Amino acid sequence: KAGVTQTPRYLIKTRGQQVTLSCSPISGHRSVSWYQQTPGQGLQFLFEYFSETQRNKGNFPGRFSGRQFSNSRSEMNVSTLELGDSALYLCASSLRDAGEAFFGQGTRLTVV
Amino acid sequence: AQTVTQSQPEMSVQEAETVTLSCTYDTSENNYYLFWYKQPPSRQMILVIRQEAYKQQNATENRFSVNFQKAAKSFSLKISDSQLGDTAMYFCAFMLYFGNEKLTFGTGTRLTIIP
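Sequence lines, in order, name chains A and B.
Numbering of the first sequence is given in our numbering, commencing with residue 359 and proceeding in unit increments.
Numbering of the second sequence is given in our numbering, commencing with residue 31 and proceeding in unit increments.
Each hint should be verified, as a subset may be incorrect.
[Unchecked claim] In silico DMTMM-like links for lysine to aspartate or glutamate, alpha-carbon gap of 25 Å or less:
hint, chain 1, residue 1, chain 2, residue 2
1, B, K103, B, E59
2, A, K415, B, E59
3, A, K371, A, E440
4, B, K100, B, E59
5, B, K85, B, D56
6, A, K371, A, E433
7, A, K415, A, D455
8, B, K108, A, E433
9, B, K103, A, E458
10, A, K415, B, D56
11, B, K85, A, E458
12, B, K108, B, E45
13, B, K103, B, E45
14, B, K103, B, E82
15, A, K415, A, E440
16, B, K103, B, E91
17, B, K85, B, E59
18, B, K103, B, D56
19, A, K415, B, E82
20, B, K100, B, D56
21, A, K415, A, E458
22, B, K103, A, D455
23, B, K100, B, E82
24, B, K108, B, D56
25, B, K100, A, D455
26, B, K108, B, E40
27, B, K100, A, E458
28, B, K100, B, E45
29, B, K108, B, E82
30, B, K85, A, D455
[Said to hold, decoys possible] For each label pair, taking beta carbons as the anchor points, the in silico distance ranges come out as:
hint, chain 1, residue 1, chain 2, residue 2, range
31, A, R454, B, A102, 22 to 32 Å
32, B, I76, A, N429, 19 to 29 Å
33, A, A456, B, A31, 18 to 28 Å
Rather than coming from a laboratory, the hints here were simulated on the basis of the structure.
In this text, all values refer to a predicted model and were calculated from it rather than measured experimentally.
All residues carry an ideal CB built from backbone N, CA and C; glycine is no exception.
Put together the whole structure using the sequences plus the hints.
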């Protein structure tokens, strides 16, 4: 059974640009969550999607957005990139209410 | 809101020894899950062990076991017969039951296994 797949693995963007990250969940999993990991703030919850609907949202500015498609694949978008957006972005998939979340390998975003 | 605290930023132990990582949490809820995740240098976040709050029995997975003290809001991880491959960041995490897939993480403990 394939795991959670995140693409791309690495990205370098310039301040002010926008970026889209992709996450394909484990087959059969309909919940996808996104996290930002930085040395200063640690692991922070961005948002969760289930059946194409955003169910939960963390405390991030509106520049951070996401969506989920009918096949459960999810994308997150960050507009008007700032240097502080440099981070490892992790995606997790789960069977909702099953109490388990499985992570992808992450996308390392560097904003210069 | 829930909080998770890991008070040991770094630990090291000799190979084959036993090590215990500490975690405390704070919540007013009664139904939740607790997890330990391992993040090796590859950055892949790997689920090590899970505990459901309603279960009094401590979870075990091979060399990994937890000491879950619900009243004290404590959730420690014991690694027995430690191996070089156990070298990683370990994160304690909390998730509420039902309707909320949000994980709240601690700040992590960097564990180094010394050959």
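Outcome of the hint check:
| no. | hint | verdict |
| --- | --- | --- |
| 1 | K103(B) <-> E59(B) | 11 Å, holds |
| 2 | K415(A) <-> E59(B) | 19 Å, holds |
| 3 | K371(A) <-> E440(A) | 10 Å, holds |
| 4 | K100(B) <-> E59(B) | 11 Å, holds |
| 5 | K85(B) <-> D56(B) | 18 Å, holds |
| 6 | K371(A) <-> E433(A) | 17 Å, holds |
| 7 | K415(A) <-> D455(A) | 17 Å, holds |
| 8 | K108(B) <-> E433(A) | 37 Å, violated |
| 9 | K103(B) <-> E458(A) | 20 Å, holds |
| 10 | K415(A) <-> D56(B) | 21 Å, holds |
| 11 | K85(B) <-> E458(A) | 16 Å, holds |
| 12 | K108(B) <-> E45(B) | 14 Å, holds |
| 13 | K103(B) <-> E45(B) | 30 Å, violated |
| 14 | K103(B) <-> E82(B) | 13 Å, holds |
| 15 | K415(A) <-> E440(A) | 20 Å, holds |
| 16 | K103(B) <-> E91(B) | 21 Å, holds |
| 17 | K85(B) <-> E59(B) | 15 Å, holds |
| 18 | K103(B) <-> D56(B) | 7 Å, holds |
| 19 | K415(A) <-> E82(B) | 24 Å, holds |
| 20 | K100(B) <-> D56(B) | 10 Å, holds |
| 21 | K415(A) <-> E458(A) | 19 Å, holds |
| 22 | K103(B) <-> D455(A) | 22 Å, holds |
| 23 | K100(B) <-> E82(B) | 10 Å, holds |
| 24 | K108(B) <-> D56(B) | 21 Å, holds |
| 25 | K100(B) <-> D455(A) | 21 Å, holds |
| 26 | K108(B) <-> E40(B) | 15 Å, holds |
| 27 | K100(B) <-> E458(A) | 20 Å, holds |
| 28 | K100(B) <-> E45(B) | 31 Å, violated |
| 29 | K108(B) <-> E82(B) | 17 Å, holds |
| 30 | K85(B) <-> D455(A) | 17 Å, holds |
| 31 | R454(A) <-> A102(B): 22 to 32 Å | 30 Å, holds |
| 32 | I76(B) <-> N429(A): 19 to 29 Å | 25 Å, holds |
| 33 | A456(A) <-> A31(B): 18 to 28 Å | 23 Å, holds |
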